[in-house]
Every structure is written in structure tokens, then in C-alpha cells.
Amino acid sequence: QSALTQPASVSGSPGQSITISCTGTNSNNINYRDVSWYQQNPGKAPKLMIYEVTNRPSGVSNRFSGSTSGNTASLTISGLQPEDEADYYCSASTTIGTPVIFGGGTKLTVL
Amino acid sequence: QVQLVESGGGLAKPGGSLRLSCVASGFTLSDYYMSWIRQAPGKGLECVSYMSSSGTYIKYTDSVKGRFTISRDNAKNSLYLQMNSLRAEDTAMYYCARDLAPIGAFDFWGQGNLVTVSS
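Protein chains in written order, with this note's numbering: chain V, 153 to 263; chain F, 675 to 793.
So that you can see chain V by itself, here it is in the shape it has in the complex:
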């Protein structure tokens, strides 16, 4: 089974930049060109922040950016703000089994 692994938590101070990684395992079936990132606040539905690795939906701040290298995708948040504190999930499409898989999520704390 393919899987996406994220760090459980990351933290940063206001104004700093942080990066959240998303690494594929058993990854031959993962489409890394289709990586998306979601922000989820407590009690709310997830919000799409990045799709197709680098694209931002309308209305998403350009402080959010994405990239990939090999089997690892990354979400970078620059100029960290208190309202960025949330859970972040990566996802990717797959060619076998469930068509979309999610990482386990990363809790971002803004100190």
C-alpha cells in the first residue's frame, strides 16, 4: 500500500518561514505531479491551499508555496502569521487502489 508520511508537528515564530514535508512510501503508484495541500482549522472542513504541486486556488495567499523533489513534496509558508496555526494535510492521486491518499497531517504551531 502506498502512503504519504508527514511530520506530526512543526512550529515557527511570526514572520518566519516553515516547511512541511510529505514523503511517499511504496511510492511507485503515487502521482507526485498531483500533490495537493489542505489547511484544516478545528471543527472545520479542510481548505485547498495548493494543487498540482505549485498552484494556488483563487484567494489563497502567495505566502503559501509548494514544491517536489523526488518522492517528497513540500509546503512552505513564509511570513508566518498567527492565523496560519492549523493542521495541514498533503494528498496525491494514485494508480492502484484508493484513487486519492492523504498524509497523516501536520500540526503547525505559531509560537
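For the record, the hints were derived by calculation from the structure and aren't laboratory data. Note that beta-carbon positions come from the ideal geometry of N, C-alpha and C, so glycine has one too. A few of these clues could be false.
[Stated by the list, open to error] Non-contacting residues of chain V with respect to chain F, defined by C-beta distances greater than 12 angstroms in every case (computed): (1) T175; (2) N178; (3) R215; (4) S217; (5) S219; (6) T228; (7) S230.
[As the list claims (entries may be wrong)] Pairs of lysine-lysine residues, derived as DSSO-like cross-links and limited to a Cα-Cα distance of at most 27 angstroms, are as follows: (8) V:K199 <-> F:K750; (9) F:K733 <-> F:K717; (10) F:K733 <-> V:K196; (11) F:K717 <-> V:K196; (12) V:K199 <-> F:K717; (13) F:K733 <-> F:K687.
Using the hints provided, position chain F relative to the given structure of chain V.
Just chain F now, kept in the frame of chain V:
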């Protein structure tokens, strides 16, 4: 504007059934790939079921195969998830979500519908 409004969740006993509904507005459901995504309490996201815009491509995660059925009523612009033989591990918030393109980029989500399976 685009909206997804869900209903039908609640409490069910193990082995019981529930049917979730998701009514779309602001767009035509049959023009998009759609998915049901769940989140167990304190856990991450899981794509439970996925349907193509044509309705001919349907997928389920292994743990619900044979028990859950995704369907769509184009006239009502609605998506459904029939859940049978429910288990305690199916307890979760269930979201319907629209795929921006068939790549797993879910750009609009319902408000979520809590399903609790308990005796």
C-alpha cells in the same frame, strides 16, 4: 456560489445502515469528479469513495468495499453514500467534496456530517 450541503448522519448500531446525502448548488454535480472523505475523531483524512463525472469510474477504499455504495441523482444535483453493515471503526465525520479536476484537488467541501456507530 458553490455549496455542498450534507445530511443523513447520526447514530447507528453496529450492523446497521445510514444514507448520507450531499446537495450541490452553484454548479452541476455531473460535470465533476466527486468524493466522500471521512475523518475519524482526532485522526486524519481518508478518501472513502470516489466517482467520476460520467459515473462510470467508481472506487472505494478497501475497508468499505461491499458495504458502502456511492451514487448520484443528476435531476436532484445530489450525491449519496449508502452505508450498510456499519462498524464502530466507521465512526467519523463524513465530507462530500468536489474535485477541481480528476487529480484529487478537492476545492469545495460540505460542512461535514457526523456518523457514530455504537451499541
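Legend entry - Hints not upheld, ascending by number: none
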